[in-house]
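Participant: Given next are the chains, with one letter for each unit.
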Amino acid sequence: MSSRALAITLKIPDNEAFTALRALQRLHIPVAAVERAEVWIFESSLSDEALVEGVRANETLFNPNKHELRVLRDERPRDGEVWIGEQGEDPASRAKLGGKPLAGVTAVRRYTAWLLSGEEGAALPRDQVDLAARGLLCNPAIEKAIL
Amino acid sequence: MPNFGIIGKSEAELSAAAAGVGVALRVDELQRIAHGLGRDPTTVELYAFDAQWSEHCSYKSSRHHLRKLPTQGPDVVIGPGQDAGVVRLGEWNGERYCIVIAHESHNHPSQVVPFEGAATGVGGIVRDVLCMGAEVVAIADALRFGNVTDVESHQRYVATGVVDGISSYGNAIGVPNIAGDAYFDDGFSDNCLVNVIALGIVKEHQIIESKAPPGSEGWDIVLVGKATDASGFGGAAFSSLALDAKDAQANKSAVQVPDPFLKNVIMRASYRVFEYLREREIFAGFKDLGAGGIMGCTAEICAAGGYGAIIDLDEVVTSQEGLPPAVIAIGETQERLLWILPPHATADVLQVYNREFSLPEVSKGACARVIGAVQANKRYIMRFGKERVMDVDIDFLTGAIKDELPLANEAQASVGREPVVQAVSHPNRASRDPLFKQYDAVVRGATVIARGHAAAGVMMIPNTGLAFALSTGGNPGHAWLGAEAAAELAVHEAVLKVMSVGARPVALTDCLNFGNPKKPAHYAQLVSAIDGLARAARELNLAFVSGNVSLYNEGASGKAVPASAIVSCIGTFADFSEVLNPALQSTRSFLFLLPGDSKLDIFDALTRARAKGAVLACGYVEPGPVSLSALRMAFAQDDRSQRIGIRMERSALADRPGLLVEVQQRDLGRELFGEDATLEARTDPSGIFVGADAAFDSVSIEELLAAWRAPLAKIFG
Amino acid sequence: MNAKVAVLVYPGTNSENETLRALLDAEVDAELVHWSNAATLANFDAYVLPGGFAYEDRIRAGAIAAHDRMTDAVIEGAQKGKMVLGICNGAQVLLEAGLVPGTGPVRRPTAAFTKNAPSGKFVCKHVYVKLNIAPQRCAITAGLPGEALIPAWAAHGEGRLAGSADHLDEISHGGHLAFVYAHADGSVDDAAVPNGSALGAAALTNSQGNVLAIMPHPERDAWTFNHPFSRDGRSGMTFFHSFAKGLKQQ
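Protein sequences appear in the order of chains A, B and C. With my numbering applied, the first sequence corresponds to residues 246 to 392, in that order. With my numbering applied, the second sequence corresponds to residues 4 to 720, in that order. With my numbering applied, the third sequence corresponds to residues 2 to 251, in that order.
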C-alpha cells in the first residue's frame, strides 16, 4: 500500500484560472499567470501504470477530450503553488468517485492546486502565495491551504 | 489546398478514401458531389457535404415519411421545419402570446460522454428556442437507460452522468426543468436515449425567423459566443454512425464541451438585443449553431431566405492556434449563435454583447463579431487566408436529399411481456424523485406544479393569467406491442398526462429514436411508428409542431434500442385556477377510471364535472394495474398530512392510458362520465391499501411509500 | 422619498427577475442593476443579491463575486447600516464577503454555505423556514411574528452551513441563526434539513442585524399560483412584506 499523487489539468482554456488571475490582480498580488490542476492522492496497492490506467478509464475523473493526466513526483506543492483541500469530509469528491469506484484504491484525497507565477514566468514568492490563499483561494472556515 | 479526389476513382478506392478521412458519405453521394460541382471537392467542401448530407441534418431516410404527420391546426403558428415550432398560448391585454417548443435527441453523445453529452443536449435545445426570439422558460427531458441496478455497470455511470449533466446545465442557465420521464430497460444498455425539450414564450408579432430577411443582400453575418475550438468536429456525421465500444474513445473528440455560465450571459444579452431590435422595428435573422457548425448555420439561414453567403474564416476568433479551416468551418463548438443584421444595427448589437454583457470577460475569446455577408447570388463561399476553400451552389449544399430504403415486415421486437403485477419498487414504477430532485424545477418563480408532483409540469406566465402544462410519453414497456401501437400509445400518454392536471392539449412534438434505417426491419419500425403517431394525432385533432429523428441507435452487437417514439404534449389553461390536484383529498371518496379510448371527449367531460365542483383530484393512469395509479395519488399527499386509505373495488388492468378521478359521491361518476367510467376504488381514513384480490394483503400506505421511494434513491441519491 | 433598492445582477445570476417581481409586489421601489453599471450602486438605499451561479461558482460559490466591484458597494453600504439581503447564491456571496455572520474582518469568511451532505449533489425541495431569533433582532425580519414559518424552495448544491466548532458556537450564541429549517407544522428536526446544514441553519444575520443571508428561495413560493393546492395560507411573500416594512424604518 502506498500513496501517489496525480494531477489532472485542462487542455482546453481554463476560464476558472482566467477569472482567478483577474481577481488576484484586483487584490494587488503581483501575479501574471495562474495554472490550475486537480490533484488526487490515492492510497492504493496498484502500480503507477495500473493506477494511471484506472484513472484514465474512470470517466467521471478524466475526459481525454478535455484533460491531461500526470503523475506527480512529490505529494506536496511546488514553489509558487498552493493546494486547497476540504477540511473533514469532502462530499464532492465522493460524489465524483461515486459514479464508478476505482478498483484497488482504498483512500482518496482531493486538492485544487493553484500555481501562481509573476512576470517572466518565475514562481511567485511564498509570502505572496500565502496572501493569495488567505485573500481568495482558501476559505479557512471549510478549507485548508498547503503551501 | 489539395482536393479530395473523386473523379476517375473506383468505388472501392472511394470507399477506402472516405473511411480514411473519417467521412461517412457513401460512394454514390461522393460521386453526386463531384458531378454537382463539376470538379473534385476541396477538403472543406468534403466535410461540409459530409455534415449537411448526414442523416442528422438531412433527414434523408425519414423526411418523406414524416410528411404523413399532421402539422397544421388552428393554434399552430409555425410547424416543423424551423429550429422550433410555435403554437398559440392565448391572449392577454390584447397581446397574443405563443409557445415556442423544440424537441431533440442527444443520444449518441450521451452514451459516449454522459455528462457533457447530456449537458450540451440541453444547451442546443435551449438555443433552438432562443433563436426564435423567445424567452426560454422551461425544459424537460425523457430518459431511457439500461439496467442500473448493478453498482459496477457502465449503464449506472451513464445514467448518473446524464442526470448530473442535465442538472448542472439547466440549473446554471436558470431555466426550470418541469417535466419528463425516465425508464430503465436492458434494451438501452448499449445506447441510452436522452431526449430534451425546451419551451419559450414570445408574442406573436415578435417572432424572429431563422432566415435571412427579405432585402438582406449585403447584410452582416455576425457570430456570437464562445471562441471556436477543435471540440465537436465531426459531430453531425458522428451522430449518424452506429456506436462501437472500441470507437468510444475516438468518438470523444466529437463531443462538445458545455459552458452553461457563458450561455446564461448570452441568453440575457440576446434578450436585450431582442428589445433593441423591437424598439427600432428592425427585422433580423437569428439562428443557433448546431450540426455543421458555422458552415451549416450560415448556409441554412441564407439559403432559407433565398440568398448566398460569403464567409471569412480569418474573422472567426479561435481559442486554439493553427486550427485547419475545415475545423473552424464545421466544428461544433458550443454556445454560439448567429445574427443576420442590417449594417446600421451591427455596431449597437456588438456593443450589447461585447461591452454591456462583456462576453470577452466572461469567457476567454468569447465575443460577437462580423464574419461575413449575405450575397445576392446563390453561391456559398468561404475564404481562409488568401484561399477560397469553399465555393458551391448553396441549394445544392443544403437542398433535400432522399434515401429510399427497403422496408421489411416489422419484426415483433424481442422485448418480453411485463409481469402483470409490478411491485411499486420496480425501477420503472418507483419514484423518480432521486433523479429529478437534482434539477431546479422552480427557478423563475413561475412554477405551479413542479416536476415529480404530478404527471405533467405546470407553469404560469407571470403578469398574465396564462399558464401551460408540459408532459412526455413513450413508455418503452409498450415496445412489444409493435412500433405502430407503441407510438400511438405515446401520443395518448402525453395527452392524458396534460389533461390530468386540467390543461387542454394544444400541440405535440416528437422524437423518433430508432435503429439503423439501412436494416429493413429497423426502417420498417420507424415507418410504422410514424403511421401510429399520425393516426393518434388525427384522432385527437392535434398537430406536431416540432420534431427530430435519431437513427442508428444501436451498439456494436447490432441490436437496436426498443422502438422509441417519444412524444411531448403542450396544454394550456384558460385560467390557472383550473389546475387539478394530483393528490387524494378525501377520506370518503370514490375513484373512477376514465379509459383513454373512451368514446367520450375526456377533456370536455372533465370540464363539465369540474364546473359542478365534483372533481376533488385527478391522476394519470399508466397502462398496467390501476391500483398502482391509485397509489400514486395517495403518495402525492403532503408528507405531514394524515394518510388516506385506498380500498380497491376491482383488480383492473388498464390496457391504455387513462385518468383516475376522485369524486365525493358514488353516483356522480356515471352521471358525469357515462357508461365507460368504472368505479375502481374508494378511500377511507385507515391509511391502508387493500387490494381487491384475496391474495392481496393489506399494506400501510406509509410502508408502500417507503418502498416506492427507496430503489432509485440508492442509485441516484 | 421612497428608499430605492438595487437587485444585483452578477455574470451568472439567474433569479433576478422573480426576486425583482417579489419586491415590486411587496411595494418596494426596486430595480435591476447589471454588473456593467456597478458605479451606480452607491445611490441605492438597500441591496438584494439574488440566486444563481455568479461567476459560475469559480474557485468556490460566491468567492469571485465577493471580490467584485459590485460587492465593494454592498460592503460599504452594509457598514453604513443599509439593509442587505442575499438569497441562495447571494447568501453564499455575503458569507464569502465576511458580512455574515460578520464575526471576522471583511472578506475573511468565518463560515460558509458549502457542498450539501451527504450526497454532494444539488437538491430541489420544497421546505419551510422558521424564524429562530426575536423578530427585532434583524431589520429584514422585524415585520414578522415571532417564530414565523415561511414556505420556500431549497434549490442548491452548496447550502450546508459549515465552520469550526468555535465559529458555529459564535453563530448560535450571538443570535446569528436567523432561520432554521422546519416542517410544515413548525416542528424542527434533522429530517426537515435538506442539505445537512450545521445547526439546521437556513439563514444567518450579522451582529447589527442589517444583513441577512438566506439559502432557500421564498420568492419561488410567493404567489398563489406557486401553491395552488395549499390550504395553510402561508406564502413566501410574507418575507418580502417584512423586508418592505424594514426598509420603511431604515
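Think of the hints as simulated: they come from the structure by calculation, not from any bench. Errors might be hidden in some of the hints.
Unchecked claim - The calculated DSS-like cross-link candidates involving lysine-lysine, where the alpha carbons are at most 30 Å apart (straight line), are:
id : chain 1 : residue 1 : chain 2 : residue 2
1  : B       : Lys214    : A       : Lys311
2  : B       : Lys71     : B       : Lys717
3  : C       : Lys81     : C       : Lys5
4  : A       : Lys389    : A       : Lys256
5  : B       : Lys717    : C       : Lys126
6  : B       : Lys214    : B       : Lys71
7  : A       : Lys256    : A       : Lys311
8  : A       : Lys256    : B       : Lys562
9  : C       : Lys131    : C       : Lys5
Participant: Each hint: holds or not?
Facilitator: Cross-check of the supplied hints:
no., hint, verdict
1, B:Lys214 / A:Lys311, "violated, 34 Å"
2, B:Lys71 / B:Lys717, "violated, 44 Å"
3, C:Lys81 / C:Lys5, "holds, 15 Å"
4, A:Lys389 / A:Lys256, "holds, 27 Å"
5, B:Lys717 / C:Lys126, "holds, 18 Å"
6, B:Lys214 / B:Lys71, "holds, 25 Å"
7, A:Lys256 / A:Lys311, "holds, 6 Å"
8, A:Lys256 / B:Lys562, "violated, 36 Å"
9, C:Lys131 / C:Lys5, "holds, 28 Å"
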